[in-house]
Amino acid sequence: MQYTGNMSQAWVLNSYAARQIVTLKYHEIRGPVPRNDANEEIQSSLYWCYYLDRTLSALLRRPVSLPEPLLSPVDLIVPDKSLPHMPLVRILLELAQVQGELLDCGKASTTREVLDNHSKLQERMDSIKSNLQSVCT
Amino acid sequence: MIETTSLDGIYTLQWPDHISQRTLEKMIAMLVNDESRGQIFYQYCICIYVKAIFHLAQMPRIYKNSTINRQFLKSKRLYESNAVHALKNLNFLGHPSLAFVQSLISAVCLNPLKKAIFFSNHFSLSRHS
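If you read the protein sequences in the order shown, they are chains A and B. Using numbering that gives the first Met the number 0, the letters of the first sequence correspond one by one to residues 0 to 136. Using numbering that gives the first Met the number 0, the letters of the second sequence correspond one by one to residues 0 to 128.
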């Protein structure tokens, strides 16, 4: 990749990662997952790819590349007490889930569906906001 | 004497990503021991260089000496160039693997705009910032 700041290239690279994850069936991981280095590497690759996929796709208004994992991305986070920012990663993943759902909002065919989606997302964002406030205090 | 704020906060600068400290150590050990060949070599290079780039990008928060920071910037540019070189050597038709996935995610992080969005500006990364 050229070091150009091109988000489109970032999206393309991440979509390659997503396709490899699908080929390797990492997105089909079910809990509880035994704790070992290999599984932790797989889980963190999966949720970072998910985060980048949903965020870049929302930014560029393109379809997502990674199917919804069987385990919620938030549940894939491996606790690491040496990294004080991990609670923020949890919030980033919750936001990424909302961004993924935003992309689906365009599929709503009736006003009722649009309003339902809107209020669901509003509730999610309120919950994320309160989580963020509790992390920051 | 190097003018710094506090060095004991250096680890609080580390933003979590898909390459843990243990994984990074394993990758570096493989390269140092010359145990990686072909695609694995390039995949590990990307992961390690990108990790180093992010680490160096945080250094001006600790070191206030402009000479030192110019050197950090020089090293950062060299690592960026090396990471891009390794990325160009990836075989996208090769077999999928965890290391390949990790290197692709690291390559996404090379994007400076992404860096600005995801790693620097949204949150204060340390008590020194």
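Hint data in this document are derived by calculation from the structure and do not stem from the laboratory. Predicted model only: the values in this text are computed from it and were never measured. Treat the hints with caution; some may be incorrect.
[Stated by the list, open to error] Pulled from the structure, derived: some chain A residues nowhere near chain B, Cβ distances all over 10 Å:
| no. | residue |
| --- | --- |
| 1 | R18 |
| 2 | E40 |
| 3 | P62 |
| 4 | S81 |
| 5 | C104 |
[Claimed, not checked] Okay, derived cross-link-like pairs now, DSBU-like style, lysine-lysine, Cα gap no bigger than 35 Å in a straight line:
| no. | chain 1 | residue 1 | chain 2 | residue 2 |
| --- | --- | --- | --- | --- |
| 6 | A | K119 | A | K24 |
| 7 | A | K24 | B | K87 |
| 8 | B | K73 | A | K24 |
| 9 | A | K119 | A | K106 |
| 10 | B | K75 | B | K63 |
| 11 | B | K73 | B | K25 |
The beta carbon of each residue, even a glycine, is placed where N, CA and C say it ideally should be.
Here is how each hint holds up against the structure:
1. Against the 10 Å criterion, R18 (chain A) falls within the reach of chain B, whose nearest CB is about 8 Å from its own CB.
2. With 10 Å as the threshold on Cβ separation, the claim that E40 (chain A) sits away from chain B is violated: the shortest Cβ distance comes to roughly 6 Å.
3. Even its closest Cβ contact with chain B, about 17 Å, leaves P62 (chain A) beyond 10 Å, as expected for a residue assigned away from the interface.
4. The beta carbon of S81 (chain A) is not kept farther than 10 Å from every beta carbon of chain B, the shortest such distance being approximately 7 Å.
5. Residue-level check passed: C104 (chain A) sits 22 Å from the nearest beta carbon of chain B, beyond 10 Å.
6. At roughly 30 Å between alpha-carbon atoms, K119 (chain A) and K24 (chain A) fall within 35 Å of each other, so this suggested pair holds.
7. For a cut-off of 35 Å, the pair hint linking K24 (chain A) to K87 (chain B) stands: about 26 Å separates their Cα positions.
8. With a CA separation close to 40 Å, the supplied pair K73 (chain B) and K24 (chain A) exceeds the 35 Å bound.
9. For the proposed pair K119 (chain A) and K106 (chain A), the alpha carbon gap of about 15 Å is at most 35 Å, so the pair holds.
10. Of the supplied pair hints, the one linking K75 (chain B) and K63 (chain B) holds, its CA atoms being roughly 17 Å apart against a limit of 35 Å.
11. Between the alpha carbons of K73 (chain B) and K25 (chain B) the distance comes to roughly 26 Å, so the proposed pair stays at or under 35 Å and holds.
Comparing the model with each numbered hint stated earlier shows that hints 1, 2, 4 and 8 do not hold.
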